[in-house]
Amino acid sequence: MRVQVLFFGVLRDLVGRASETLELDEDATVADVLEHYQSRIPKIREMLPSLALSVNQHYSGPGAVLGNGDEVALLPPVSGGACR
Amino acid sequence: MRVQVLFFGVLRDLVGRASETLELDEDATVADVLEHYQSRIPKIREMLPSLALSVNQHYSGPGAVLGNGDEVALLPPVSGGACR
Amino acid sequence: MMRATIVREPIDTQPVLARIKQPEDGAAIVFEGVVRNNARGRQTLYLDYEAYEPMALQQMAQLAAQALEQYKVRDVAIVHRLGRLEIGETSVLIVVASAHRGAGYDASRWLIDTLKRTVPIWKKEYFVDGAVWADGEPFPEEITRAQGSPSPRVASK
Amino acid sequence: MMRATIVREPIDTQPVLARIKQPEDGAAIVFEGVVRNNARGRQTLYLDYEAYEPMALQQMAQLAAQALEQYKVRDVAIVHRLGRLEIGETSVLIVVASAHRGAGYDASRWLIDTLKRTVPIWKKEYFVDGAVWADGEPFPEEITRAQGSPSPRVASK
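Protein chains in written order, with my numbering: chain A, 1 to 84; chain B, 1001 to 1084; chain C, 2001 to 2157; chain D, 3001 to 3157.
Please keep in mind that the hints were generated in silico from the structure rather than gathered at the bench. A virtual CB, placed ideally from N, CA and C, is assigned to each residue, including glycine. Take the hints with a grain of salt, since some may be wrong.
When the alpha-carbon atoms are kept at most 25 angstroms apart in a straight line, the in silico SDA-like pairs for lysine to any residue are as follows [what the hints assert, rightly or not]:
id	chain 1	residue 1	chain 2	residue 2
1	D	3021	C	2058
2	C	2124	C	2075
3	C	2124	B	1019
4	A	43	D	3139
Pair by pair, the computed Cβ-Cβ distance ranges are [as the list claims (entries may be wrong)]:
id	chain 1	residue 1	chain 2	residue 2	range
5	C	2066	D	3045	33 to 41 angstroms
6	B	1069	D	3070	41 to 49 angstroms
7	C	2018	A	18	20 to 28 angstroms
8	C	2018	D	3127	49 to 57 angstroms
9	A	36	D	3148	26 to 34 angstroms
10	D	3128	A	39	33 to 41 angstroms
11	C	2066	D	3048	36 to 44 angstroms
So that you can see chain A by itself, here it is in the shape it has in the complex:
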């Protein structure tokens, strides 16, 4: 099955693109997506404890099971608003 993976902020710079399509086994989870990018871009490994995840635009955990056509996003700590 195929999922769409989106990258934002510093992650987009690291991956070098805003999104890509990933081919995964049936019953793959968000953790499998993370595994893929960790091995491709080692720097992502140390960022994991601060990253959040979403599936189809809702916050989600690494255990979430994916379906064909799902939209997964890797989200660095957010920084909207202005002042601290």
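Could you slot chains B, C and D onto chain A? The hints should help.
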């Protein structure tokens, strides 16, 4: 000596005017001004614990000694702003 | 530019806010007190605000200065309107500009809370069946009352 | 009328405030987050804001609904701007209308605090000598992290 006495809000309605000039003995205090209006308008007596006073536009107590030309005001609880 | 002003025309928030914001600010907090269509369950028609104007202005300027010092905000503006106000109109505007938002919120809230208890302004509420002076909030401890507060001269009599 | 909006043009506070105020309100509280001319001691030139737009909009709408429920305020509006912002420009606007001011201040503060930690928007800061993605605030407890948060499926591997 003479002082100018100002009335605001509900006090102005009670006294029936916004200000008047009062003739006082030398060394009179704000308490003497209060005494004068209490005897003239008994209803003011029961309001005293909630009223504040000013002399020359600064909050003041009943003990303040007055001088010729001073401006004394009797101030009901204030209600500026809008909502509670 | 004055930090405290009293006006008799409708209050226009935008120019006050625009004037106060500076490049070093990270937050602007605006409070508008608005005339409500009801008071204690009765339908309000309109309000009349009156002030002991020179004293009110002085008190407002003093509150502004105190807010800058106590809350380390960069600038504040306080505007109060007098005269007849219709429902929905703004009677008081408080703008605070600050590098950090926490201090801004704290200063704004302290300013309106303190203004409502210490600045000599009174409102008369008009209903279909009559008008009354609004019950004010009690003066704070620090302000001596006409009776009941300790006062050396009176006590020694 | 939408309670949450994302725009790319300058935010104009006045119409949002005018639209939201109703006769039953006694207080309107406005928060504007403004682009500062400095960050951690360095002089900022400008900022770029980007968002995961559909999710950000959903999150903002959810925050608005939660604020109405938790704080009993009458209405709220949240506007965030994206793209390039110059110093002094408003990146986020939060307007709360309420019968009572205490609830209004509480809701306003909760909204900006929560928005800054949960709404997927990121800013890049441009300085004379380069650009960096701002360190975001850590996600709150309730949001599971990619690693380190308890998650049944991963734990059973």
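Comparing the hints with the structure gives:
no.: 1; hint: D/3021 with C/2058; result: 30 angstroms, violated
no.: 2; hint: C/2124 with C/2075; result: 32 angstroms, violated
no.: 3; hint: C/2124 with B/1019; result: 19 angstroms, holds
no.: 4; hint: A/43 with D/3139; result: 20 angstroms, holds
no.: 5; hint: C/2066 with D/3045: 33 to 41 angstroms; result: 36 angstroms, holds
no.: 6; hint: B/1069 with D/3070: 41 to 49 angstroms; result: 57 angstroms, violated
no.: 7; hint: C/2018 with A/18: 20 to 28 angstroms; result: 36 angstroms, violated
no.: 8; hint: C/2018 with D/3127: 49 to 57 angstroms; result: 26 angstroms, violated
no.: 9; hint: A/36 with D/3148: 26 to 34 angstroms; result: 19 angstroms, violated
no.: 10; hint: D/3128 with A/39: 33 to 41 angstroms; result: 37 angstroms, holds
no.: 11; hint: C/2066 with D/3048: 36 to 44 angstroms; result: 39 angstroms, holds
The structure shown violates the earlier hints numbered 1, 2, 6, 7, 8, 9.
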